[in-house]
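Build the complex from these two chains, which are given one at a time in their own frames, with help from the hints.
Sequence order for the protein chains is A and B. Numbering-wise, numbering that gives the first Met the number 0 puts 13 at position 14 of the first sequence, and it's gapless, one number per residue. Numbering-wise, numbering that gives the first Met the number 0 puts 174 at position 175 of the second sequence, and it's gapless, one number per residue.
Any given hint could be a false lead.
Said to hold, decoys possible - Simulated crosslink set (DSS-like; lysine-lysine; CA at most 25 Å straight-line):
no. : chain 1 : residue 1 : chain 2 : residue 2
1   : B       : Lys43     : A       : Lys555
2   : A       : Lys148    : A       : Lys101
3   : B       : Lys126    : A       : Lys148
4   : B       : Lys126    : A       : Lys649
5   : A       : Lys998    : B       : Lys126
None of these hints come from the bench; they were simulated from the model.
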Amino acid sequence: MTLWEVDIHPAPGEPDLLGRSTAAQARDLGLGDLSIRTARGYLVQGDISGEDMQRLARELFADLVVETTRFGKIGYDELDVDPAVYDGNDAPPSTLIHVLPKPGVTDPVADSALKAIADFGLKADAVCTLRKYWVADLPADRLKLLTTKLLANDSIEQVILGPLSLKRIDVSSTYQFEAQTVQITTLSDEALLALSKVRTLSLTLVEMQTIQAHFRQLRREPTDAELETIAQTWSEHCSHKTLAGMIDYRDENGERKFGNMLKETIFAATQRIRKELGKDDWCVSVFKDNAGIVRFDERFNIAFKVETHNRPSAIEPYGGANTGVGGVIRDTLGTGMGAKPICNTDIFCFAPPDMPAGELPPGVLHPRRVMRGVVSGVRDYGNRMGIPTVNGAIYFDERYVGNPLVFCGNVGLIPRDQSFKEPRPHDLIVAVGGRTGRDGIHGATFSSAELTSQSEKVSGGAVQIGNAITEKMVMDVLLAARDRGLYTAVTDCGAGGFSSAVGEMGGEIGAEVWLDKAPLKYEGLSYTEIWISEAQERMVLSVPEEKWPQLDALCKSENVEATVIGRFEPTGRLVLKYHGTVVADMDMQFLHDGRPRVERKAVYEPIAERRLQKAECKTPSSNLQSAIPNLQSTSDTFLSILSSLNVASKEWVIRQYDHEVQGGSVIKPLTGVANDGPSDAAVLRPVLSSRRGVVISCGMNPRFGEFDTYHMAQSGIDEAVRNCVAVGADPSRIAILDNFCWGYTERPETLGSLVRASLGCYDLAVVLGTPFISGKDSLNNEYSYEANGQRRTIQIPPTLLISAMGQVDDVSRCVTMDLKSAGNLLYQVGATKDELGGSHYALVNGLSGGHVPKVDAQLAKKTFAALHQAISSGLVRACHDLSEGGLAVTAAEMAFAGGLGAKIRLAEVPSSTPAVERREGFDDVLLFSESNTRFLVEVPHANRLHFEAALAGVPFAHIGEVTDGGRLQIAAAPIAHQHLPPTWLVDLDIATLKEAWQKPLRW
Amino acid sequence: MPTPRIIVLRAPGSNCDQEAAFAFETAGGKAEVVHLNRALENPKILAAAQILCIPGGFSYGDDMSAGRVFGNQIRHHLAGAMQDFKAAGKLILGICNGFQILIKSGVLLPDRADEPIATLTNNDSGKFECRWINLAVEGSKCVFLQGIQQLYVPIAHAEGKFVARDEATLNALERNAQLCLRYCEESGANPKSEIRSPKSFLPYPINPNGAQRNTAGVCDETGRVLGLMPHPERHIDPTQHPRWTREKQERGDGLAVFENAVRFFG
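The shape of chain B in the complex, shown without the other chains (with noise of 0.2 Å):
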């Protein structure tokens, strides 16, 4: 199987990089951090690789809005390499932070800088939370959710409450299976065959963050864009369960986001 090449794209205040790329290294990739100065630069340094990740942190400072000034930087500079990597049936990865930067960019939902279709914005408590929470995977568009119905990972972040312009929009996402991921309720003893779609709004803290259709996270119309507000890098290994000490685990449910995105070039 040959090994895929895996950009981590860091700008100032990223921070979940070196967990991103431990991520897709342990998933059998070949991960390396590149500063956004450098795909400034030069855009074409992309081309040199087969999946693209931007990593959660708090680019910018998160200052205006969460991924704004990095999202507008793509859209002045980096769109048509961006567009590029996306014909090319690359993968695109937006974790947390990522996922914002995704979605101001307009890679993920294209769209015009001042008519954008869906934003992550301040959630409803108002504060920054960091928790552990349930996914259930919705449809099965998503190269990075082949094969996954659930998922426990953490959040952690004040601006992941997805909304979108409107109702016929969430209906036309929804319709296109493109909204992949969903908070959902902590399932029963056979996880699988409790899995229900969650169609009604969920109450805190299940819905961490009050996100519409309890969306947490999204992908594009083909499939290969994926951004998510929870963090899958960061349960990898099992003793990072939070209840690792009371029920074993085999291996971090994050892992197979991964191993997915890897296997796809395999």
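The following block holds chain A by itself, in its conformation from the complex (with noise of 0.2 Å):
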């Protein structure tokens, strides 16, 4: 046997585009101008002659048109020498940094190259991807900065200075069968509480107490694999104890008591809203499966979910985002009898990239890294698969430094006669896809915990790393089985592994699970590990034992691994087997109905209104300064929002997205005569004979929670709706997912904030006729550290997104939104109102107070049917949503995308507060009001009368026209008692607001 190392350089006159952006991202870590070159490489384990592997160098693993090959038995001198000096150049000293992936972590790029070794007709034992770095010699902090903060990330990657001198990397290790009990029933609370610590179970006192009468009771110790079990399905992430529980609610308008929240509020609106609809509800799976279902057309039914994946996109940025995105595709491939994912979506919260790396608590990686890893995970597990990511959007604040948020959804097609499961007492259990390893042991419950600046050491399991191609490969074979009827339900394995999967589907029936069958990576994985595993890309089905030769076929002719692993057994209890003896007997109904209800209390206080003033400064001093805002001009505030980070252009985000594959892209993300302005919704057609079109988009405001939570909820619902309107969606047909993402729930402060939204939710959904069908939850939030001494904890503001999906009957109905003509008209819809509070011209002038976006549900109902009334009949040549940065930042979005000018009178805007009330400095609400349910609509003049008839009982006005000249020019409002003319108050060519719009984040 040898160890093989085979290295790849460019060829003379290639660039090197790892060095070359290694080099830039340390630069922007402040380590000045490094001079690093790089090489890839592979180490291979096996009997391969030095012939033989030359053949795969040059074969295989280089690209011999731009790359050269350097191979020898590892530890040979010449591997390591500075490509720099290599063709006998001088060059300064350097140092040689080794990265490899750490024992057991997930190498997709290996286990390929494995296979193809084989094709070659050769037999490697193992493989492992390696890089290597040669870096100008640097002090040994800077150096340590530089491995830690850039080259490796410590929770999956080891780093080696200098020579290699490994002897083999295959990982397998023996396992001793041992069956474990764990001692429980005598233990004291303290005691209780430490063993929940220390197996990381996340368990409360209660809940330990209430396992520990169990087995009293059964006059027997739990086994570890009993204990684990429970711990899984009884975690926050698994079973929502917190939100799904009884809540003793309290707010200014009274007490309120919820024997399950959730379901009192966000499912009620939906229940109510079926009801209404009576036989005309197209509701088909809410809130049971792994995604909620909806009607599409007469054969078809679309799914959606939306994750969370924040935890482990916090340590591992790629790996987290990657896997997250690879989760919700099993979600929508596991719902009903498997929905074929169409589309992606993918929003994230991070700190801003700009951040001074020495104002960073310790332990947390840079703002900067986590959202170069996030993209870089997301784009690679879609583009991979093959579904276009089509939608999302990135806010940034400083609190989510410590816990950034990382939501990833996905959208499925399924035929209507799949949308429903049920396996059969009898039924084989059978293992599809990934072989199980160590990875991401304790995720669900480690994801319900609170993160501190030591979560990178402990949980370094929880990490996975997700291997895109073998889910392609398992949603090919699934489908296909699907349509030849070959199993009785799917789920995915998600958090806690094949102990979740097998323990929800068997819920109702029984199983028994034989875990030494489940393949495994590589040996050594213990009973309890194999059961709990998260590693990725792994369906459980349910297989009526005289189908099995087929599916084990059809798996086989594709090569998709599927085993046999356990059978639904109709006994009511949960047993587990290795090699024959039980290591796990367990009641079903203790499983999933004896976890204790835990009532907990949540209040609300209301935050008193105060005026629009300057936010308070930490020095003394300044209390003694004017309350008047001192605020930079009117074109200046305008430019600074465009130029902040949640309104500037994400192209840098969204042209690494593989939007267009499928075939079915009929509204893109970016749009307008340069393919370049900001799309409300994406809409896209699943089938591709047919003109029925998705539509998708989100809305998200935590800046708003600060004022009111109850306000912030409705204010993402009407946004997220509102961008599915001004595209074209019909409103009486599109439905919601919700994702709270909060803060420690434990305080009542904090949970009540969150009831509040969900109040706030139920209320205007209701209205609407916007059923929620799915949506998750990811609580405790917070991230503690220790400064000076002192226990630091930063909590993420109250994040409420809102995913709608929406459905247009036939897309060449669908408007964009950038100008098309001048001449045209533009009128705006919907009411202004004073509501600056937690708006974009607050965040850059500094100011804090004033009023926060209320809905006005009624009419917001009204006004989504009369636009979408003028849409739908071809009145409207674009049309964009006002948001962030109200009118001033819709106006110059449509002016830039289409290449056009605006002239736009603020004397017409419709407003709530009538001319003769308003102050001076009205025209900054009327400019810059995040006020919800309005749009910018532009019409032709012979669309006039037809489309002012449409609106007509919504608020609207015609305030401008669009202009050829390349300039927005808006006009000041007269102030009611003097009598001036209209001055340009704004008047800025489109190529500097474009300018502004686009720099921040062109990365």
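What follows is the structure, encoded as structure tokens:
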């Protein structure tokens, strides 16, 4: 057996792309201009001759047109020579840094290489990928900064300075079976809590006591597998015990007791809407399967799910986001009898990427690195799966520094008669897809805990690495098997692995699982590790015994591994065996219904409304300063808002996603004359032979949560719905999803703000007739660390993502947001109110207070319906919603996207404040207020009367025209008591506006 | 007109097979998606088709390099079947990953595995990019591009930079009219009269990846085998055009590529 190393270098004259980007990122980190050379390489272990190895190096590993190879037995001197001196040149001394995956971490390229080597008729025992960096000599501390902050991620990779001295790279170890029990029946309360902590069970004392009582009654100790199964099943991640629990809520309107908070708010809204729709109900399956399902057309339904993958992304942004996408795709694949994924949507919350490294709390990754990693992770999984990523948003706030949020959504298309599943007694339990390894142990329980600066160390096992191609292969065979009727039920292996998938699927029946049958990535896993591993790309099927040979053959024909690992036995028990020995035997009912119900307290104290004013400064002297805001000029404020990170163009991100694959793209994320204006929503045709479209959009306003989470929630719904309506979606067919990401909900005030948001959701969804069909929460998003001997905690702002899925009968009726023709009229639909609280106007001017935007629910319903009528009648040429930055930003985006100018008269803008009551400065309200339910609409002259007739009964006004001058000109409203002629408050070139908008994130 | 049969050959990680088949069907062909394993088990099945299409995607993860593993499988197991297919006067189309596979397998530009003639390597930008680009057809050698002067279609790739082994190879390919599809500047109001042969190297993002001689597509000596990085199957319907709401389209630009292939057997 030999351990070979093959290194791949750029050929002379070819660019070193990895070296170049590493040097650029080192500069961002403040390490100055470093000279960095790189190579990528492979370690190959096996009985392979030098001649064969040379062939592999040239014909498999290297691309000889642009690359050269060096290879030899590991430790061969020449492998480690700096490319700068390799050809005999002089160069200053450098340090060689090797980066390798840690043993056991998924290495998809190495897996492919193993198979590709076999295709040459050769046999390797193991392959491992590596990267090599030669860096000009650096002081030790800066070298450490470079390796830990940039070159390697300690949670999945190891760094070796200097030559490699490995002997072998296979990670198998032997496992000696021994059934383990855990002493619990005699433990004190303190010891119970300690046990929960040391095993990362994340169970509370009451829950531990319940388990203790259960096993006392059984007169035995639980096995480790039993204890772990209970912890997984009862985890926040799997059971939503907080939000679906009893909550005693109090706010200014009095007290309310919830038996199941989610059921009585979010679900209740859907139930009421469905009841009111009666026979026209278009919901199919809500809040019970992995994704919500609604009716699409005569043949198909559509499913939608949005997941959070926050904790793993904080620790390993690439792998976390990668597996977040992989996980949510499995959710729709595991919905009903399996939906075909048709598009992805990804929303992120990060700290600003320009935060100085010195201001970061200890233990967090730099937000720029988090953002790069997350975007790459989403890109690589979605693109490889061949699923277009069509919609998203990025929200920046410093409080996400320790808890970045990553929301991954997937929409699936499913034949109507395949929308439900039912496993049958005696069906086989079949695992399909990836093998089981030690990756992701305790993901479900870890994700329910608070992150600390130590998390990176203790939870390395919770990080998974995805392999999108494995999942694509699973998807291909699964959809074929579905259409051939080869199984009765399917679900994904997500958090909790087999324990959750089998436990859920067999909950009503009972199951026996033979853990030794599960195919492993490497030997040495204990039965409990097999049971709770969160290794990726696995699905579980319930297969009638007579169908198994056909399913087995289908999977083999596409090189997908499928294994019988047990049987659904009608016993009501969950029995686990390892080589015939029973290692767990539990009552399904205790598992699913035994969790003690905890009553939590929730309090909401309304915040007194304050007028808009300069935010309080921390220095005492500033208190003496004038309370009158000292603002920038209107134009400067305008440009600052366009350049603020939440508003600025996300083209750098969007271009890295394939938003065209599957060939159904109708409205793309970027649109307009130069394909770079921001669309309100994405539209695609999932059935290529049909004109019917799916519309995807989202809404999120964490800044409004500081005022009142009720209005924040309603604003989020209004934003998601109006984005859908803006492109042409029918407002009576929009389904919505909720994703709550909140702080530590054991605190009554934090939970109270969440309950209040849920009440807002109920009230608005019911009026708009937009049912919630699925949701997911992520609680305890706080980051704790020590600074100057004190414990500090950063709590994320309350963050509610609303995702919307609309439909259009005929995509050719859709409209985009770019201005089309000079001379057309501009209408504002919806009234502007004095609502600058939480606005980007306040943000860029350092203001606090003000009124937070509210939603007039009845008027919103009417407005959406009227505008849809106008759009679907073909009266509208362009439409864009008013959101962050208000009318000013909307007008600018429409103008530069269309390459046209516009004239707007603020005096004409519809507003709830009568002209006589407007004070000086009200123009800023008209320009920048972020009031809900508003649109700016381009209408040809010829359609004027029909458009105005369609909008009868809702606030709207003709406020300007499209011009071909290439300038955005906004006239101030004359102040009532001063009869002055209107002046240009804003007169800016669209190129200037566009540059302000594009520059900040043009990476 | 007889209906030609098309095999769209997918492998683990292929992902543009459905829309490629749909494009051929829209053009009047009869398309069937077949797993590579079926061809490896029995290379003769390819002979049943008149057109072979290797679609886009990430076959085998594009691990090692794009198209490498699929390309090697052709070199090791299907070289004869491919040779027969070409010799029978049939058509082969490789789109995006399919182009990478046709190059890496030596099907498009016959070569030795350890002495490749050309490659498609990492974009100069160093990243995957999805954007719409303008293409100009050079010469009239390629069957798929007959009668087409320009195309507006999207690219979506990380490894699309065409690089030949050396200048002499590049010159020979160009002389032989095999560099048949080039990235070009957006043409003006009257595109047909303004198409200029893009001789000089065009800047990013007009040439989105830094390809030599702005090469977006290459055909073999016969003009019956075409590989191209852009995706004509993603512009079949007018509403796929990114500006369809402002520039009304009658049909998608890419459809002509598939119609030419089907018509070749008419």
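Here's how the hints hold up against the structure:
no.: 1; hint: B/Lys43 with A/Lys555; in the structure: holds (21 Å)
no.: 2; hint: A/Lys148 with A/Lys101; in the structure: holds (17 Å)
no.: 3; hint: B/Lys126 with A/Lys148; in the structure: holds (21 Å)
no.: 4; hint: B/Lys126 with A/Lys649; in the structure: holds (16 Å)
no.: 5; hint: A/Lys998 with B/Lys126; in the structure: holds (19 Å)
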